[in-house]
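Visitor: Below are the chains, spelled out letter by letter.
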Amino acid sequence: MNLLTMLGLGQTALELGLLCSLTTLALFLSYSMLNVCDLSTDGCFTLGAAVGAVVAIAGHPWLSIPAAMAAGVCSGMITAILQTKMGVDSLLSGIIVNTGLYSINIAVMGGSSLLNMNKTETVFTKLKALLSGTVLAAQYKLIVALLAVAAIVVFLVLFLRTRLGLSIRATGNNPDMVRSSSINPQMTTIVGLCVSNSFTALSGCLLAQSQKSVSIDIGTGMVTIALASLLIGGTVIRRGGIAKRALSVVLGSFLFRMVYTIALRFNMPAFMLKLVSSVIVVIAISAPYLKKQWPVIQRRFTHNSAQGGQR
Amino acid sequence: MLYLNNISKTFNPGTINQKVAIENLSLHMAPGDFATIIGANGAGKSTMFNAICGSFLTDSGSILLDGKDITFLPAYKRAKEIGCLFQDPMRGSAPGMTIEENLALSSGRGGWLSRVSRSEIQAFRDRLSLLGMGLEDRMNHPVGLLSGGQRQALTLLMATYHPPKLLLLDEHTAALDPGTAEKVLELTKSIVRENHLTCLMITHNMSSALELGNRTIMMDNGHIVLDLNEQQRCGLTVNDLIRMFREGTGHMLDNDRILLS
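Keeping their order, the protein sequence lines are chains D and Y.
Letter by letter, the first sequence follows residues 0 to 310 in numbering that gives the first Met the number 0.
Letter by letter, the second sequence follows residues 0 to 260 in numbering that gives the first Met the number 0.
Please note that a few of the clues may not be correct.
Said to hold, decoys possible - Below, computed lysine to aspartate or glutamate pairings styled on EDC-like, alpha-carbon distance capped at 16 Å: (1) Y/Lys79 / D/Asp175; (2) Y/Lys164 / Y/Glu193; (3) Y/Lys76 / D/Asp175; (4) Y/Lys79 / Y/Asp68; (5) Y/Lys188 / Y/Glu210; (6) Y/Lys188 / Y/Asp32.
None of these hints come from the bench; they were simulated from the model.
Please model the entire structure based on the sequences and the hints provided.
Guide: As structure tokens, this is what we get:
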């Protein structure tokens, strides 16, 4: 493998990692801050992709971004209302919305499960045209992804320092305390999920446009991939302020894609991606638990064998 | 100030675990009243507190605070006017957030998108230094790193940052070691005195029940069995209180912690 291919691989990983890091940032808000595991992420990702594609195909490449984000807000609002106002368990409400979104996504794509954007003007082609002739022309995908991630990170860091942002963080930490601060934790959950789902939808919209196509299963497994990225980022940068943690999330997404890209290079079939992400999530979540249990297991083992010797 | 009119609460109605926690309970607190509440386990003390601060709605009766009917007001809206401290020091603050962020949340009266200003941070620092625990130099430490006593003192500060109309203290020093408990109690007394707060305090310490505030209320089996004002309880001893309890209810006070303290 020569240097050029390696650089090429790195760039692909960086682009994909950055685009998917928007979903990871969404989970950073819902999973790490609000303490809600939002299982509607997969469907919402596809929804963003579908809405963005349809709007772009209709001839409004710039409008596709706010449209996709608005769709994400709606989806997040439904998930949140189910769990705060209608007594549905928070995991279950995500699953229900995810299932419902499957039909909605196909409806959005006009009854088809695949949309092609090969000849469509997208945000990416717009920028490519803008940059043509300059040194950055080949990097147009990277630039779009970087701009989007930078915008969302800056927004998130500023947002989490406001009174609303603080109350969202406290909701995941101690809802009792939120209530005694005269803030309705149901309201903060709704706002938090709306914002996080708008990030997920943006992520889907941009990924679909960079791939120039959207299929109904573009979002399948995104929640696990994003969770894996989130946990990898958390292991690399363990503590720090909100800004540092948000950057660790982006870094985690990139590392995850890098590992995956390298694995592909060593002839791992592409369909293994989802298994790899599942395994990473399992390891990242269960390793601290097993580490804590290990002395007990060890002790039990020596205890039992000592008794066996006495008998 | 506070009126409880015939409030009742039954837990698990219609099941084998049915428990009448409070029944037709009425209470009036005048502005500036500081009442201590004692009673056996299961007497309904905490249930009364939870009914006042809105953890659940009562089955019947009404609750008025400062002339406003708050019977059906959700807990988070009541929190503007009622401060609550519980036995568990972990309950009142968010462990994953810094002292500054916790204070910013509980003191925040600004808009949703407002941020903590420098002058507010200075104000937090000044208020924290009054606790005498050195917390003013640890503003950026997560609250989860503080000891139980420090957290309870912080919670007290948070609950009274903007003086509430009513302060409810549910054995808020019971889980602390004696020295820290003493300190938190002293802080409570000075905060209540300085802000002329109306305050209800559940305690299992009979002597401090007689000593603190201007009124002592005894509860048993979901009722108020004894309500002593300042003159009535003047000169009373713990033994007098136990005797009065027996005469009022016809049975002994069976709370180990009360008898042992």
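Visitor: Failing hints, ascending?
Guide: Per hint list: zero violations.
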